[in-house]
Amino acid sequence: MAQFWYDQQIRRYLLQFVRIFNGFQIQSGQKNAGGSASQTYRNVPMRYADMSRMVAHVLRGNTENALNSAPFMTCHVANLNVARERRHDPKLISAQQVQERKYDAINDQYTAELGNTYTVERYMPVPYDLTINVDVWCSNTEQKLQLLEQILTLFNPTVEIQSNTNPLDWTNITVVELIDIQWSSRSVPQGVDSQLDIATLIFQVPIWINPPAKVKKQ
Amino acid sequence: MPRLSLWKPQKGNDYKMIDRVIREHFNVGGTGVFIHKYLGPHAQANTTDSTQPDNSVVRPNNIQDLLFLENRDRKYDPDVYDMRGVYQVQDSDFDLTQFGAFLSNDTIYMTFHLNEMINILGRKLMSGDVLELPHQRDDTMLDMARLEFTTKPAKKFRKGETITGATSGVTATVVNYNHDAKVLRMVTDGNFTVGETVTGTSSTAVGEVAAYYPEGPQAINRYYVIEDAARGSEGYSPTWYPHIWRVKCTPLVDSPEFSDILGTGEQKDDLRNLISTYQSEIDIGDAIVNQAQNEVPKKGYETAHLYVNKADEYVPGIVYGHWQTNTASFKLYESTNTSWQTFDYLVSSTAPTDNYKNSDYWLDTANTNWGLYVGDGNVWNTQSVSIVDSANIDGTTKAPISSYVPSSDYAVVVSDRNVGATYFKKVSNGSWVKIATDSTTTGLLGVDVAISATEPTTNTNGKIWWQPNTTGGLNVSFKKYSSTTDSWLTQDITLHSSQDSANDAFGFSTKVGVHAGDGKPPNGIQIAHTGSSFPNSLNDGDYILRTDYEPNRLFKKVGNRFIKIEDDFRGTYSAANRILNTFIENTNSTEGTADGNEQQGLSKAVKPRTDV
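Protein sequence lines correspond, in order, to chains A and B. Residues 5 to 222 (the working numbering) are what the first sequence spells out, left to right. Residues 5 to 616 (the working numbering) are what the second sequence spells out, left to right.
In isolation and in its complexed conformation, chain B is listed as follows (with noise of 0.2 Å):
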């Protein structure tokens, strides 16, 4: 008689008796499992990484990134098979983490009947499965009322806003809105009209109604995914073959892992615009941008409702001459970046012939007028002067010495570049007195003293009239040397009585802290042209913005010249600065690249190609 044994090398009659009945346990007390299941990795074409390989042939078994060991591609089966598990159902509690709220413990372990599973699906639940339990179907939802788009707007409407149908007059508050598929989920109390606009009330996005569908029930599944699976120890028969498969399962994230089952959302029948919070995540996303936005819309600052009397930076290199409205004296400034300063320059009536350089200036005395009129009861009459050589000029007064004797009565010493060009006249006792408009300076010249850019209104004999004003008057011959040339330029000299009348001229600013930088003039003033050229028609004080600068260069006509004003710098806001902002947000072509994109990761820029 042969020992008795209840196993058996090979799964005999007992062990089938066995499983047959394990198999019914499962028929008539298992649950309905939907199973979604997990094919391969997506196949890759033209991959040369051999880390990452095409997979051509999608199999379950292929690995895609040998590197980091996952597989993220994921190909599900399109066909839902349906199967029965066991699973002990538990309480769990909401885990709140910063990613939102999870179900803690919600890890489930599930079992299956191992045979039945072969038959059904082909092989044995692995992990990457996907479950859809159906028993844990919410049907109590309320799907919320929702608007289909024609075509996708515009703009995107906000979470939150009311919006208004054109012509059914319908409001409703939007709940969420997905751009891509052009679905709009709102709480309303009217029905929208299938054709109409709507319109939102602070995005201003406007939308054509494509169709409309009330609020109406919704009901979802659970959908878990399998992490682990393994032969589960209770489902060993007294014949020690196993019957049973378990499997660990966690809830299932909404991911690019599963977007086989779950689509991308840009659909909208996809399941993932009624399952997953992305779309709500992304309009909060979208909500604290736009309030961002509306706080900081452009980089710098908000001036433009400010009054600024000189709004406009220094530019150097500006010469002006400065004229005292009470001593007939000038002198020359040159702008820096952040001021007017004197400087030194030559004086002659010819052109120097040595020690210069490039950039020196030369006031050419033989072609300066000097503006100096002296009246006879009837008219003025312009008066010769002279100009004092150093020998003559007293170092401490800086007035010419007494026994200076020129040819005429009036003499100008341009000495020291911080005095500047000083008129004097011979009086009777040979003395020179400089002139000036003051009371005790008239008793020692013993005449009137005008200094004005218009004629005075009584003209006596011996009054002395110095008209600082370039038409008729005071018109200083200014030159530049430019070694690039070898020649003196004439420089352009206007003439102020105060530095605030220079700067209003040239539209620079002392001022500081309420700088712009925006590209705007100043209180309102329109720009008179924008593109990338300078048109012959702008007239003096026009601003022009040039377009082909960037960024956009704002600059201002004054005399024959474009002066630049500032640039544009309040463009929108990016996290990356200005510069290293056009490599990222570059989506410029070129020709030679793989793609046609100028934007090309360093480690592929020109690669050799196949030279064989």
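Okay, chain A solo, but in the shape it has when bound (with noise of 0.2 Å):
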């Protein structure tokens, strides 16, 4: 039996990609005539899409009279592809030495001098494809140009995400592609029921997933 292990790879990927999208906002009019103080910015919440139905019943406080908001992003992984174009040698293991500096336990910090040295051995990653659709719900159209202007300025073409600090990983860091946007989710004319506008982004992001390493203390 395969002895387990899990390093929650994917998941950080998308805890970092999710990051990128927090903290957008849209501009209200103004009220009453009351010019630039009296329009109003709020925060468009981003989160995972996919949650369950427990959860959702949870977020509305298990009454049917609490309200969804827009406008609303989220993200959900829409596929992972095998990255055959950027496989390199399946077998290698790279080898790397580190020396840590000596850590003083009485006052828990790190001194000058030198202590552990480590061999850490790295077997080759498998590459993958991961694509991934963000969903913004817009409640009207100039929110949706609000959103989406200060989204697409920054994909140029990509966004550097950094899955983890650790210069050891030689995959932390990757990015973040725009590769398609669906405008609308709705059809022009709408007929007689009107849905929710749904304009989807579609990202590319090319992760490598890590066999465990080797780590001997010297």
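Don't take each hint at face value.
To spell it out: a stretch of chain B is covered by chain A in this simulated footprint if at least three of its residues, at any positions, have a beta carbon under 8 Å from a beta carbon of chain A; those stretches are [claimed, not checked]:
{"hint": "1", "region": "71 to 77"}
{"hint": "2", "region": "94 to 104"}
{"hint": "3", "region": "252 to 261"}
{"hint": "4", "region": "293 to 302"}
{"hint": "5", "region": "527 to 540"}
{"hint": "6", "region": "568 to 580"}
Using C-beta positions, here's what the derived DEER-type ranges look like [unchecked claim]:
{"hint": "7", "chain 1": "A", "residue 1": "Tyr45", "chain 2": "B", "residue 2": "Ala214", "range": "21 to 27 Å"}
{"hint": "8", "chain 1": "B", "residue 1": "Leu107", "chain 2": "A", "residue 2": "Glu153", "range": "29 to 35 Å"}
{"hint": "9", "chain 1": "B", "residue 1": "Leu107", "chain 2": "A", "residue 2": "Glu125", "range": "52 to 58 Å"}
Keep in mind the hints are simulated off the structure, nothing from the lab. Please read these numbers as outputs of a predicted model, since none were measured by experiment. The beta-carbon is built from N, C-alpha and C at its ideal position, and this holds for glycine as well.
From these two lone chains plus the hints, build me the complex, please.
See the structure below:
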């Protein structure tokens, strides 16, 4: 039986992906001709889309009277494809030697002296292409344009993300590339039913999934 | 006798009788409906966009945006109208979408008495009016206990974290936290004390309790917004006149269109804080960002805990003299971006007069101390050396030819950048022997050889001592031509017996992969000075962080130089790149723009003003 291991690698990529889209705002118009002072800004929530039914009800406070809010952004993994063109020597082992500063356990701090030395053996990671869809739900067109103008200027063509800060992880930096946009989920004209207007931005993230490393103290 | 006809060109008594009966049906059997009356788009001041007019007279038939044909900033009557309506209650299931759980088919068709509606509302119900159904009131909800803070805490409390009251010692789990409204909802078994401070375990946010409300009953009504409105077919009486107004309603969404009804959420009593999932969604987003920040607090790599021998990059243009420990010879190396390289230079006792260009190097033999001593049993006597000209150098061995007879028995060959400057001694058979410490060579020389920075412990007659030490020993005079000043500028040459030694001295690195670029010296060394200048008080080896560079730049003082070590690229993560970020996250002020901000839409930058 294979020994269990799990390093939350795709989870961490998604975590940083969501981070890109957090903090965007939309601006309202004036109220009662109050000028810019009467304009308000609203943060646009962003979270993972594929929630469980139970959590959805928890968020609604277990009442059907609760209101969903708009505008809103969500993301979900649409696809995970094997990236054959990025495959390198599948049996390569890369050994990296690192030296740690000596740790003073009494004062809980590193000193300037040489501490432990480690050899870290890394096995060739497996490349994949992660396709992530971001759905943008807006209650009007102006909102949509405000949001998209802020988002689309970032991707020229890519935004860099980093899944962790470990210098030994040779796969922790990657890019998010906007590869397609679906302007609206609605048909024009709308007909008798007004559906939610959802713009979908499709992103591709080249990732690598690493097997566990061997860390040997020397 | 007039013909029998219920149809009459005017609304007669038949119509009135039927209308009263229908009205009574609504009054008796209808449900109460609170109407939030749409008044029109909010008036906009100073707009010059003809597609988005002022609409200074607020009317429901105004259109806010003539391009997209939508009314976004809706003004609602603060008064609520009570009417009676009838509709068919139906079952519906929750539809789980990416944005949350929606009630599918939760579209209701409600009818109202037309004339009653006109009497109460002053007009017919229209698309955009909001209906509040008190009979759908959910009064079985439990409001969570909540805290209101005196002032907005510096940090945000986090969803799911534990908070503790400093005085009461009561703990609670945060369910949601509205930073703008300074309201925190929670689950707790205790009672917080007004005036005490509460602290979040993971966020370390601190707030002073202005008010505490224990868990209690809460009720919210059901809200719908009218999408379409028309006469209902069932509302036509035998007189063929309509009596009923039928509206198609969908559940209200907490969007800015309805902020007049729901509030913005910034006030603690805003309805939005009770009824909308917005705050929970924001809290979820904050939790994700918090964790993302924990995992990547700054761009780049975390290397502060690693021990680095040579933490810094090469700096091009540094020259050092590399002396051999077993042979009296030295080479000159100049740093590039990544390594040390030997280089060609001119050799003469006087300044070169031709065949040179900017940045060429000249070894000034007249001012060079070659550091060669010969013992007499007691003292070490400085020995003059001759610089062998190219005509007297053997092209193969790079040694002086036998026929070369200079004024002394010692000579230096400086012929090739790869060989370096090599010392020779003329021996009794007339040949020239390279001065080295191995036994074969000393056998040929007939004397002992010492190569050391310090004086040898034994001094015998004829013993050769080469002192590769700039103090009293080898001191190379090296000059670099500057076409700007048209002069040869003296270069500071230090001596090292290995590249590692030179790397350590200059703070260079051959190490790859563990480069932080974090503006911090290696191995926990403290920065001696942070600021926008190099103070005079600095010592050799001190690190200085110049904050007037963007990004901040770390320097190391080496001799009379401040060597660039690295730039601090480990800023807070931003989706925009460093340069783009200066355009987007720009809060600078400037003069001459309409709003005093440096950040302007490009289409509005330096637009012409009225010129009469």
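Exercise. Could you see if the CB distance from Leu107(B) to Glu153(A) stays within 29 to 35 Å?
Key: Since the Cβ atoms of Leu107(B) and Glu153(A) sit about 33 Å apart, the hinted range of 29 to 35 Å holds.
Exercise. Verify the coverage statement for the region 568 to 580 of chain B against chain A, using a C-beta to C-beta distance below 8 Å and requiring 3 or more qualifying residues.
Key: holds (count 3)
Quiz item: Are at least 3 residues of the region 293 to 302 of chain B within less than 8 Å of chain A when you compare beta carbons?
Solution: With 8 residues close enough to chain A, the hint holds.
Quiz item: Between Leu107(B) and Glu125(A), does the C-beta distance stay in 52 to 58 Å?
Solution: At roughly 55 Å between Cβ atoms, Glu125(A) and Leu107(B) fall inside 52 to 58 Å, so the hint holds.
Self-check item: Ala214(B) and Tyr45(A) - C-beta distance against the hinted 21 to 27 Å
Solution: 25 Å, holds
Practice problem: Between the region 94 to 104 of chain B and chain A, see if three or more residues pass the 8 Å beta-carbon test, and mark the coverage as holds or violated. | Solution: holds (count 6)
Practice problem: State whether the coverage of the region 252 to 261 of chain B by chain A holds or is violated, taking the criterion as 3 or more residues with Cβ-Cβ distances under 8 Å. | Solution: holds (count 8)
Quiz item: Three or more residues of the region 71 to 77 of chain B near chain A by CB distance under 8 Å?
Solution: holds (count 4)
Quiz item: Under a C-beta cut-off of less than 8 Å, do 3 or more residues of the region 527 to 540 of chain B approach chain A closely enough to confirm the stated coverage?
Solution: holds (count 3)
Hint compliance for this structure: no hint is broken.
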